[in-house]
Amino acid sequence: MISPVGLALALVAIVFSVDLCLPLGVASAVPYTFAVLLALAARPHWLGAAVAVLCCVLTLLKMMIVDERGNTELWKVIANRCLAIFAISMTALLGILRRRAEERLRAHQANLAHMGRLTMLGQVAAGLAHELNQPLAAISLHADLAKHMAGQTTSDPKLLTTLEDIANQAARAGEIVRSIRRMARKSDHRHEAIVVNDIALRAVRSLEWFAWQSGVTLQLDLTVADSTVLGDGTLIEQVIFNLMQNGIEALANSPMIGPRLVTLSTLANPDTIIVTVRDTGPGVTMPNMLFERFHTTKADGLGLGLAISRSIVEAHGGIMTCQPTKEGGAVFSFTLPLHDRSEGK
Amino acid sequence: MTAEPTIHVVDDDEAVRRALTSAGELLGHSVRSYASAAEFLADFDPARSGCLVLDIKMPGMTGLELQRKLADDGASIPVIMISGHADVRIAVESMTLGAVTLLEKPFRLDELLGHLRRALEKDARDRQALELSAESESRLSLLTPKEREVLELVATGKTNKEMAESLELSVRAVEDRRARLMRKVGATSVAELVRLLTSNRN
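Those sequence lines, one after another, are chains A and G. Using this note's numbering, the first residue of the first sequence is number 3, and each one after it goes up by one. Using this note's numbering, the first residue of the second sequence is number 28, and each one after it goes up by one.
This is chain G alone, in the form it adopts within the complex (with noise of 0.2 Å):
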C-alpha cells in the first residue's frame, strides 16, 4: 500500500507550475501537476502517499477551500500552501486547516525542497501509525473480555500477584490468562504489548 510517494502540485499559473514539478522531480518522486482544484479532486486518491503543494489564489475553488474540502474529507495529506501575497488572515486559517506550512512568493528551492521532504516525512510517518493502529486493533480484537481485563492490568504495571487480588483470582489463573494472551496478540515481551496497546490508543 505504501508504493513511491506522489507530490501533487496545483497552481493555475504554468510557469510556477512547471518550475514545481521540476523542483519536486529533483528530489526522486513522481510528480503530477494540476491547473486547478477541480482537476486535481478528480485524480486524487486519498489511499495513495504523498504530499500536496497548493496555491491559495485560483479561479474556481480557492486553495483554501480545497484545503477545507480535503480536511473535511478527512483526507490527511499534508499541504504546502504557497501564495502570491498571503495576508496574516489566510496564513492564519490555512495553518488551522493543517497546513505544513505557508511559502511566500517568490521564494527560494532550498526552502522549497526543506518542506517537501519534511511534509513527505510527516506523510509517511502518519501513514505509518496509522497502518501500525489498524494492525494492533486487529490484533486486539482476537481477545475475549477477560483477557482483555488482564492486559490493561498489565499494561498499568501490575505484578500477578496483584491482579490476583484484584481480580478475585488465584495466581496460576492470571499467569495462565496472561501466557494466553500475550499468545494471541503475538507479543514477546511486556514492552511490546503495551506499544500495541498505545498505538490502538492513538
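Next comes chain A alone, as it looks inside the complex (with noise of 0.2 Å):
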C-alpha cells in the first residue's frame, strides 16, 4: 500500500508541473490543498505541516520561475499566489486542530475504558470473594471440626494431617481471593474537586451520537452551576455515561410510540447535589434485582454497568436508586456529598 506520504509528495508533484505549465494563478494551487489533508492522515504528525510549508514554497517558487504572461499585472500575481498560500496554510492549520481534538477524545475514551476494566475487575473480585468464601469457610470449618473428632477416637497420625492440610489450604484459597480483591482495590480513585456539570456535559457528547444514531433526543437540565463534588471525575462521568447509555439504549430497543427522551438534570440540595437520568422507555422490571452483580436484561450484557455505577457512588459517599415513575419509563438518580457551592474552577 502506498504511504499517505506518498501519496501527497506524487500529487504536490503533479500539480507544481501543472502549475508550472499553465498560467491559472489561485486555482492551480488549489490542489496542494488535497495534498495537504492526505499528508495529515500521515504519521509522524509533523509530516502534514512539512507539505503544507512544501507546497506554499513552491507556490512562491512558480512565481519567481515562469513570468506570467505579460498581460496579467504583477500586483494581480502576488494576490493570487497570496491566496493560494491562505488556502493552504488554513487547510493545515484547521486539518491539525481537528486531529489534535480527535487524539484527546480518543485519549479519554480509552482512559475511560481502562478505568471501566479495572472497576470491572474489583467488582468480579468482590463478587468472587462473597460467592467463594462462603463454600471456603464451610470446607475450613469442617475439616477442623472433622480433625478434632477424629483426635478422639483415633490417633492416626496420617488421617489428622490430612485433614490439617485440608483446613490450610481452604484457608489459603481464601487469602488468594482476599489478594485479587485487594490488588483490584489498589486501582483506587484519585481524589480532587471536579465540576459536576462538565463531567456531565462530557459525558452527553460521548452519547451524542450513538443518541442521533438510536433516534433518541438527550435533554439537559443542569441547575448547579459550578458546584463541586470531591472525587474521581472520570468514574463518575462512567456512572453519568452509563445511565444515560441504558436509557438510551432502552429506548432503541422499544417499538413505543411517542417521544423518545433521555433527560440529564443536576439539582442541589443543602449538602448533596443529585444527578437524575430519566428515560421515556418501557421502564424497568424487577427492580429488586438492578443493581445486582451479573443480572442483566441485554442480550450481550455482563451485567455489571449498574453494579459497578452504584459501587462508584457509594465509594463517593452517595446512594444510587432507581424510581418507578407514573408515565412509564425507568428514573435513575444518584448523589453526591456537595464539597463546594458554585464558586467557579
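If you're looking for bench data, these hints aren't it; they were derived computationally from the structure. Some hints could be false.
Stated by the list, open to error - Pair by pair, the computed Cβ-Cβ distance ranges are:
no.	chain 1	residue 1	chain 2	residue 2	range
1	G	R116	A	G129	11 to 21 Å
2	G	D100	A	R108	52 to 62 Å
3	A	G330	G	R116	31 to 41 Å
Claimed, not checked - Computed list of lysine to aspartate or glutamate pairs in EDC-like fashion (alpha-carbon distance at most 16 Å, straight line):
no.	chain 1	residue 1	chain 2	residue 2
4	G	K84	A	E294
5	G	K185	G	E162
6	G	K185	G	E195
7	A	K149	G	D137
8	A	K149	G	E138
9	G	K84	A	E133
For every residue, glycine included, the Cβ atom is placed at its ideal position computed from N, Cα and C.
If you follow the hints, you should be able to join the two separate chains into one complex; please do so.
So, in C-alpha cells, the structure goes:
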C-alpha cells in the first residue's frame, strides 16, 4: 500500500508541473490543499505541516521561475499567489486542530475504558470473594471439626495431617481471593474537586452520536452551576455515561411510539448534588435485582454496569436509587456529597 | 434466670450454618441456627443468656440491620460478626454497634471457639453485673433519705465524728443511723456497703 505521504508528494509533484505549464493563478494552487489533507493522515504528525510548507514554497517558486503572461499585472500575480498560500495554510491549520481534538477524545475514551475495566475487575473480584468465601468457610470449619472428632477416636497421624491440610488449603484459597480483591482495589481513585456539570457535559458529548443514531433526543437540565464534589471525575463520568447509555438502549430497542427522550438533570440540595437520568422507555422489570452483579436484561450484557455504577457512587459517599414513574420509563438518580457550592473552577 | 447459655447462629448459607452449629456444640452449649434475621427475631428471648454469630450479608434484613435493631431494643447479647468480604466501612460500623469481633470468612475453628468462649464469658459477666445492680437497687431502696445521706458520707471515707459535724448531729445519733442502715441493706462491713453502692451506680 502507498503511504499517505508518498501519495501526497506525488500529488504535489503533479500539481507543481501543471502549475508551471498553465497560467491558472489561484486555481492551480488549489489542488495543493488535497495533498496537505492527505499528508495530515500520516504519522508522525509533523509530516502534514511539512507538506504544507513545501506546497507554499513551491507556490512562491513558480512565481519566480515562470513569468506570468504579459497581460497580467504583477500585483495581481502576487495577490493570487498569496491567496493560494492562505488556502494551503488554513487547510493545514484546521486539519491539525481537528486532529488534536480527535486525539484528545480518543485518549479520553481509552482512559474511560481502562477505568471501566479496572472497576469491573474489582466488582468481579468482590463477587467472587463473596461466592467463594462461603464454601471455603464451610470447608475450613468442617475440616477442623473432623480433625477434632478424629483426634478423639483415632491416633492415626496421617488422617489428622490430611484434615489439617484441607483446612490449611481452604485458608490459603481464602487468602488468594483476598489478595485479588486488594489488587483490584489498589487501582483506587483520585480525589479532587470536580465540577459536576462539566463531567455531565463530557458524558453527554460522548453519547451524542449514539443517541442520534438511535433516534433519541438528549435533554439537559443542569442547575447546579459550578458546584463541585470530591472524587474521581473519570469514574463519575462513567456512571453518568452508563445510566444514559442504558436509557438510550432501552429506547432504541423499544417499539413504543411517543416522545423518545433521555433527560439528564443535576440539582443541588443543602449538602448533596442529585444527578438524575430519566428516560421515556418501557421502564424496569425486577427493580430489586437491578443493582445485583451479573444480572442483565441485555442479550450481550455482562450485568456489571449498574453494579459498578452503584459501587462508584457509594465509594464517593453517595447513594444510587431507581424509582418507578407514573408515565412509565425509568428514573435513576444518585447523590454525591457537595464539596463546594458554585464557586467557580 | 441464668439457665444454660445458648449460641445463636444466623447465616443464610446452609453449609456454613451447619459448620457453625457443630462448632458451637463442641463447646457443650445448645446451639440454635436460623437462615435469616427474621427467623432469629421471631425466636429470640433477650432474657436468655448466650451469644450470637451473625453473617453480615444476607438477603432481606442484613446482619448490620439486625445488629442495629438489637442495639435499639437494648438487647445486650454479645455479637460475633462474620463476613464473606468485609470492607472497612462495614467493619467500623459493626464494631461501633458493639460487636465483640468481626471474623472474615474463611476462618479457623480455634479462632471461632476462642471468640465464642469470650463472648459467652462477656454475656455472663454482663448479666451478673446487671443482676447485682438490680439487687443493690432493691436493697438501697429500703433506706430513708436521711440514712442515704449517711451512706454517701460513709462511702467517701468520713469518720463518725466528721459526719456528726457536717450533719450537725451528735456522734451517738450518727452511730445509730449507721448501724440501722447496715442492718437494712444486709452489709457486714463498710467495704461491702461501698460495693453495693458502686454496683448500683453502674
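- Message: Holds or violated: K84/G and E294/A, Cα atoms, limit 16 Å.
- Response: holds, 13 Å
- Restraint check for K185/G with E162/G, where alpha carbons must lie at most 16 Å apart: violated, 26 Å
- With a cut-off of 16 Å on the C-alpha distance, tell me whether K149/A and E138/G pass. holds, 15 Å
- Query: Is K185/G close enough to E195/G, meaning Cα to Cα at most 16 Å?
  - Reply: holds, 14 Å
- Does the alpha-carbon distance linking K149/A and D137/G stay inside the 16 Å limit? Roughly 12 Å between the alpha carbons, so the hint for K149/A and D137/G holds.
- Beta-carbon spacing of D100/G to R108/A - inside the hinted bounds 52 to 62 Å or not: holds, 58 Å
- 16 Å Cα cutoff - pair K84/G, E133/A: holds, 11 Å
- Item | Beta-carbon spacing of G330/A to R116/G - inside the hinted bounds 31 to 41 Å or not | Holds, since G330/A and R116/G (Cβ atoms, about 36 Å apart) stay within the stated range.
- Message: Range first: 11 to 21 Å. Now tell me if the beta carbons of R116/G and G129/A are that far apart.
- Response: holds, 18 Å
Hint compliance for this structure: hint 5 is the single one not met.
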